[in-house]
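Engineer: What follows is each chain in one-letter form.
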Amino acid sequence: MTLSLRNTGLFAVMALMIVLVGVMQSWSLAFAIVNLCLISAIMALGVNIQWGYAGLLNVGVMGFAALGGLAGVLISTEPVAEAWSAGGTGIIISLIIAVITIAMATLVYTRLKGTGKMRIWATILVAFIGYFIARIFFEPAVEAIESVEPARTGFLGGFGLPIILAWIVGGVLAAGAAWVVGKISLGLRSDYLAIATLGISEIIVAILKNEDWLARGVKNVSGLPRPVPYEIDLQRSEWFQGWATSLGATPVELSSIFVKLSYASLFAVVLLIVLWLSERALNSPWGRMMRAIRDNETAANAMGKDVTARHLQVFVLGCAVIGVAGAMLTTLDGQFTPASYQPLRFTFLIWVMVIVGGSGNNWGAVLGGFLIWFFWIEAEPIGLWLMDVITAGMAEDNPLRIHLLESAAHMRLMTMGLILLLVLRFTPQGLIPERRR
Amino acid sequence: MEDILNAIVLMTNFLIVPGLAYGSQLALGALGITLVYGILRFSNFAHGETMAFGTMMTILVTWFLQAHGIGLGPLPTALIALPVGAAATVVLVLLTDKWVYCFYRRQKSPPVIFLIASIGVMFLMNGIVRFIIGPKDQVFTDGERFIITAGEFKQLSGLREGLAIKTTQGITVITAIVVVAALFWFLNKTRTGKSMRAYSDNEDLALLSGINPDRVVMVAWIFTAVLATIAGTLYGLDKSFKPFVYLQILLPLFASAIVGGLGNPLGAIAGGFVIAFSEVSFTFAYRKFLAYLVPDGWAPDGLVQLLSTDYKFAVSFVILVLVLLVKPTGIFSGKSL
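Residue numbers (this note's numbering), protein chains in the order written: chain B, 1 to 437; chain C, 438 to 774.
One or more of the hints may lead you astray.
To be verified - Dumping the calculated DSSO-like pairs for lysine-lysine here, alpha-carbon to alpha-carbon at most 27 Å:
hint, chain 1, residue 1, chain 2, residue 2
1, B, Lys219, C, Lys749
2, B, Lys305, C, Lys764
3, C, Lys573, C, Lys679
4, C, Lys573, B, Lys209
5, B, Lys117, C, Lys764
6, B, Lys209, C, Lys679
7, C, Lys764, B, Lys183
8, C, Lys749, B, Lys209
9, C, Lys764, B, Lys113
10, B, Lys219, C, Lys573
Unchecked claim - Facing chain B, from chain C, some residues (calculated, C-beta under 10 Å):
hint, residue
11, Tyr541
12, Pro548
13, Met562
14, Phe568
15, Phe681
16, Ala751
As the list claims (entries may be wrong) - Footprint (simulated), chain C over chain B, 3 or more residues, beta carbon under 8 Å:
hint, stretch
17, 202 to 214
18, 340 to 350
19, 358 to 365
20, 415 to 426
Keep in mind that the hints were calculated from the coordinates and are not lab data. Even for Gly, the Cβ is constructed at its ideal location relative to N, Cα and C.
Based on the sequences and whatever the hints tell you, model everything.
Structural biologist: Rendered as structure tokens:
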């Protein structure tokens, strides 16, 4: 974990920019940005593991992050006893049937090897029969669950465990989904992984939006328990009020900063662990093998490396890291809103982070995560200011001026696209290039 | 007997007509993806946004024409605006090629780099579209709404079920047939078309026989832009124009192109219809249809819907997965692995 003077300088500039926001806008905003920067950095590390180490293109970051978020709900919310008694058994039975169906279909598919067309049709038939049997149990159960106080619950609830556990479970969930996708699309042409991940991410988000029994769908789950104290409790406690007066700040202001700082320290610990592990992995014989596969698949294959299996491994690992970050994001928000998972925000933005930071270099991914998130947030005020300057000569009610000012919000899409294209063209190695060995 | 006729009409109305229209739109879009793949050898993620841009330009011209009272009577004004929109899209696409992709072609970069560059282009186009027209829903169809309404059909045939065909659906299918016929004529009969196919089959051999690669690439981009504009406008006319939809449609488009065989134009068309019809038939509620066919009292209680319409994207994905598992080169054997 060594950093050259130049790279330290880059991080120092980043820190300075955040301090500037603190001074010019507000410290609360500055720490809010830092929190999301930390999460973005972890997601970028996940993508970097896939793209930087192995050259795998994951265009479904959104889906894996959403699975992490789902873990946040499933772990931390209290179980809804009524819903469980209304439809819990039905759901469990249909899940068991689904598992049996998949096992049967796989069995049929492997056993009927060499029978040509029949094998495919038999597998599809088994899957269909299983699907219909599962639905017989599934549908009434879902209806029963969703009618349990739909305004407040209407879902099965979770396990009522501390939300920190969700960070691990989120990683596991994402890894599981990644294993399935990887198993199907790895070993084929590289574009297929991109398209398959794009598809699975759309479907994961569609499921989360529509399966109300699971996590309330678009009705959202809010008020998830926090791993850090609540502002209101802090403001009421004596020692905190005393502390605030001694610092010369109002308790309200200080409590908001204190909470954000607590989150930031938790996230920073996770980031450091992931970063340390990533660096260790990259510098180990395993990392060397990954790079060998990335740089020349044929040669690595000839040396006896199982390219597809190694790709699957690294893909699953990267997605697990993304899942962890997704769970952390839900923790920070305190709510789970499936409709907020947009591919531009969750998939392509992370990509810009990795490319700009420097693909193949973990420190680069972290810097990219910080830098791009910072500009993603600050592009709007900057864009608004720019538009204001450009249109300053026009009259207040000029329709063009009004349109331009209203559209300034879309500036950031353009800015991100432009940054990606410029970096890819002129400094494809990114801000902190991969170390030459 | 009448029950069976009713069932057939019901099926046609809710399954076959929408499937044909949607399939034509997907086929046109997938043709663009497959052309870029065949000639430039990368999966163009910006294709959906190219469609959105073309549609937006068409909408702007349509509004201009509507404001000046120019129209086509029963047909939507957008048809006159379409060539202008297509021309604008051609200009945009050629500029992106000049400024973005051309460099990587000279460098002989791997396809993955092109793919990432196309993601950048996608961002940029998405921003441009939202910047100019905004993220909201725009309806721009005008003229006669239906070729035949459900009521008229019932009167004509005396059946209980109606068959409604929207003008936009009719136009979509006719336009698709004309465009596809023209494209195949071009690819098979003209010198440029033949050189494009040669270039797609074997680049080195094509270069050796004196085919100008820049020209082939340029023509491919022009076709892609025109196809994207037509597909996008037809889709927008049929449903309505929402910028984010063109990002979501990327999955069915890629699925169509891959199912048919990437790089194979015929496959893209077949794939488009396969995806469209599976999507429509998996999300169709068969209750009424079955009620006509089975004896009285046997009619099912539920909707008899295989999947809720919210999961229509899952259908294209599942088909994609099946094809990847069983025959990764697609039905018509496109480019090999």
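Engineer: Take the hints in turn and mark each one as holding or not.
Structural biologist: Going down the list of hints, with the structure as the test:
Of the pairs offered as hints, the one joining B/Lys219 and C/Lys749 holds, with about 21 Å between alpha carbons and a cut-off of 27 Å not exceeded. Proximity of B/Lys305 to C/Lys764 is assessed by CA-CA distance (about 25 Å); at most 27 Å being required, the pair is judged to hold. Restraint check: the Cα-Cα separation between C/Lys573 and C/Lys679 comes to about 6 Å, which is no more than 27 Å; the hinted pair holds. Pair hint C/Lys573 plus B/Lys209 holds up; C-alpha atoms about 21 Å apart against a cutoff of 27 Å.
At most 27 Å may separate the alpha-carbon atoms for a hinted pair to count; B/Lys117 and C/Lys764 meet this at roughly 12 Å. Under the criterion of a C-alpha separation no larger than 27 Å, the hint pairing B/Lys209 with C/Lys679 is consistent with the structure, at around 20 Å. A distance of roughly 15 Å separates the Cα atoms of C/Lys764 and B/Lys183; the hinted pair therefore holds under the 27 Å criterion. The straight-line distance between the Cα atoms of C/Lys749 and B/Lys209 is roughly 13 Å, inside the 27 Å bound, and the hint therefore holds.
The straight-line distance between the Cα atoms of C/Lys764 and B/Lys113 is roughly 15 Å, inside the 27 Å bound, and the hint therefore holds. For the proposed pair B/Lys219 and C/Lys573, the alpha carbon gap of about 22 Å is at most 27 Å, so the pair holds. For C/Tyr541, the interface hint holds, the least distance from its beta-carbon to any beta-carbon of chain B being 8 Å, beneath 10 Å. For C/Pro548, the suggested interface contact is upheld, since its CB lies about 7 Å from the closest CB of chain B, less than 10 Å.
With a cut of 10 Å, the hint placing C/Met562 at the interface with chain B holds, because the nearest CB-to-CB distance is about 8 Å. At about 5 Å, the closest approach between the beta carbon of C/Phe568 and any beta carbon in chain B falls short of 10 Å, and the interface hint on this residue holds. For the restraint placing C/Phe681 at the interface with chain B, the shortest Cβ-Cβ distance is roughly 8 Å, inside the 10 Å limit, so the hint holds. Interface restraint check: C/Ala751 against chain B, minimum CB-CB distance 5 Å, threshold 10 Å, status holds.
Check on the stretch 202 to 214 of chain B: 6 of its residues sit with their Cβ under 8 Å from a Cβ of chain C, so the three-residue criterion for coverage holds. Given a C-beta distance limit of less than 8 Å, the hint that chain C covers the stretch 340 to 350 of chain B holds, as 3 residues qualify and 3 suffice. With a cut-off of 8 Å between beta carbons, the stretch 358 to 365 of chain B has 0 residues touching chain C; three or more are needed, and the interface restraint is violated. With a cut-off of 8 Å between beta carbons, the stretch 415 to 426 of chain B has 8 residues touching chain C; three or more are needed, and the interface restraint holds.
In the structure shown, a violation is registered for the earlier hint numbered 19 alone.
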